[in-house]
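Q: Now for the letters of each chain:
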Amino acid sequence: MERNMPDISVNICGVKLKNPVLTASGTCGFGTDYLEYYKPEELGAVTVKGLTLAPRLGNVPPRIAETPSGMLNSIGLQNPGVEKFVSEYLPALKKRGATVIANISGSTVSDYCEMAKILSQTDTDMIEMNISCPNVKEGGVTFGTVPSTVEKITYEVKSVSEKPVIVKLSPNVTDIREIALSAEKGGADCLSLINTLLGMRIDIKTRRPVLHNNVGGLSGPAVKPVAVRMVWQVRSVTSLPIIGMGGITCSDDAIEFMMAGANAVAVGCGVFSDPFIPANVIKGIEKYAADNGIKDVSSIVGSVIPY
Amino acid sequence: MQYKVTDISPIEAPETYSVRFSAPDIAKKSHPGQFIEVKCGDNFLRRPFGICEADEKSGEIRFCFEVRGAGTRFLTGLEKGSLIDVLAPLGSGFPEADGKRILLVGGGIGVFPLLSFKGRYGKARFDILAAFRTKERICLEDDFRAFCENVYVATDDGSKGYKGFAASWMRENDIEKYDAVYVCGPVVMMKTCAKAAAEKKVPCFVSMEERMGCGMGACLGCACPVKDANGEKTYLRVCADGPVFDSEKILWDEL
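The listed protein sequences derive, respectively, from chains W and A.
Counting along the first sequence from 1, when you hit position 138 you're at 138 in this note's numbering, and nothing is skipped either side.
Counting along the second sequence from 1, when you hit position 253 you're at 1253 in this note's numbering, and nothing is skipped either side.
Derived by calculation from the structure, the hints in this document are not laboratory data.
Mixed in with the good hints, there may be bad ones.
Far from chain W, some chain A residues (derived; all Cβ distances over 10 angstroms) [unchecked claim]: (1) R1133; (2) G1213; (3) E1254.
In silico DSBU-like pairs for lysine-lysine, Cα to Cα no more than 35 angstroms straight-line [stated by the list, open to error]: (4) K95(W) x K1004(A); (5) K1039(A) x K1163(A); (6) K1249(A) x K39(W); (7) K39(W) x K1004(A).
Cβ coordinates follow ideal geometry from the N, Cα and C atoms, glycine included.
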């Protein structure tokens, strides 16, 4: 980073992030696939691939389908399991100086608690609970769409976690504010949104869905307006820190999310299209801060003036 | 990264084009069997294409494509001097062929990445079996003649060369003289060629394909079912662990 660039660090749940730009879970592996384009330690934080208690094989391919201004995915949480993450992937990331958010998914409340306990004994910086992944047949969606369940599972994980807990919200709900409040009631330290929207694509030549899982999660620029709206709605009901994501491809997008109410942002599948996005978003926010005399980027958060 | 297109021209097969762009950095680093990811206009995901030629002297990369959908259709609008946004070189490429005698087997547009052996591995000897549906679809024959000792052409309908599929040719001919067979083409074709190679105990490597997300190994979209060290099923990434795999590892029945 150049000298004389404004300080754009932010503090989320007591963890200092060198800038408000993260990468989203599932789009950056364990932080080392994109070294030519950005170093994980240069970001505010990396959110690693969603972990489960036991290793998971993932879904039968095809797992990817392009859609207008976006894509569907049904990876199925293929991952080496939380223990392998702790022993093999986490040390390398921490050695590089990266801030690490471990994303966890489970089928039962005890899965989440087990993983939170294991991760609490490591130097993971934060835990992000994925209660909203639409690709897991057991558990996933069920947790994230029922307010009382969201409150309960957050409460249980918070009871055993020694790390700050982020609850990642699903947009496939009637009222995101209700879900956000339930997570807050359960003790969430931070909220992240949005996860993917449930979508489908059919190949009319074969009369088959493109994804082997039939349906999958929609992400990319197409979902940005939904994500910005939801961040804005959630900000209107809580003062918890918010990590906003959904179709970010440039620093203007990031600033839009921050004005809507996000304290930090995550870049997800945008990197597939352009791996320079995370580095460019950081530079863009620095430039925005410099051009507008902003000494503390937190002043941008929630600064939209609605009618 | 943006690179300048130096040539785009149609080649013999219908709706098929060859593109060259100037990228000395990629030409220097790439190995046969690796691929490039190209941004095709407003289409969100990049399209992967096998590297057809990587010329260290001219610094040019060549790839060929058949128009299949929105992405490839966009590419037909490129001209000499256009900028093309490419991430490359990606993937693991074919095993070192130096000092070996290799049979290249290409099915249709699968022949494109096999051309990347031209001028490589000085002491290697290459033959190619290029299999197409019909003679109208034959392409790059002259390019292969430039570096292969023997060019065998097969067509499904017998309109030129051997009549039949690549796997049948492999069964009817002496392939035991080769150190390895490198195959690239439709999955069904690679599956049958892998079987033919296995019958004659000739090592066989295949270049797989699957819908890709990131192209870099991060998203796990392009999963290929394989046997792990314990013979158990697992998924490897076509973009990063492949696209080239030992054909014996592939769980062909799952594809």
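Q: Against each hint, give a clear statement of whether it holds in the structure.
A: Against the structure, the hints come out as follows:
1. Residue placement check: R1133(A) keeps its beta carbon more than 10 angstroms from all beta carbons of chain W (closest about 18 angstroms).
2. Not every Cβ of chain W is farther than 10 angstroms from the Cβ of G1213(A); the closest lies at roughly 5 angstroms, contradicting the non-interface assignment.
3. Against chain W, the non-interface label of E1254(A) is violated: not every CB pair exceeds 10 angstroms, the least being about 7 angstroms.
4. Between K95(W) and K1004(A), the direct Cα distance comes to roughly 39 angstroms. Violation of the 35 angstroms bound is thereby established for this hinted pair.
5. A threshold of 35 angstroms between alpha carbons decides the hint, and for K1039(A) with K1163(A) the separation of about 38 angstroms lies outside it, so the pair is violated.
6. In summary, the hint linking K1249(A) to K39(W) is supported, as the alpha carbons are separated by about 33 angstroms, within the 35 angstroms threshold.
7. At most 35 angstroms may separate the alpha-carbon atoms for a hinted pair to count; K39(W) and K1004(A) meet this at roughly 27 angstroms.
Checked against the numbered hints given earlier, the structure breaks hints 2, 3, 4, 5 and satisfies all the rest.
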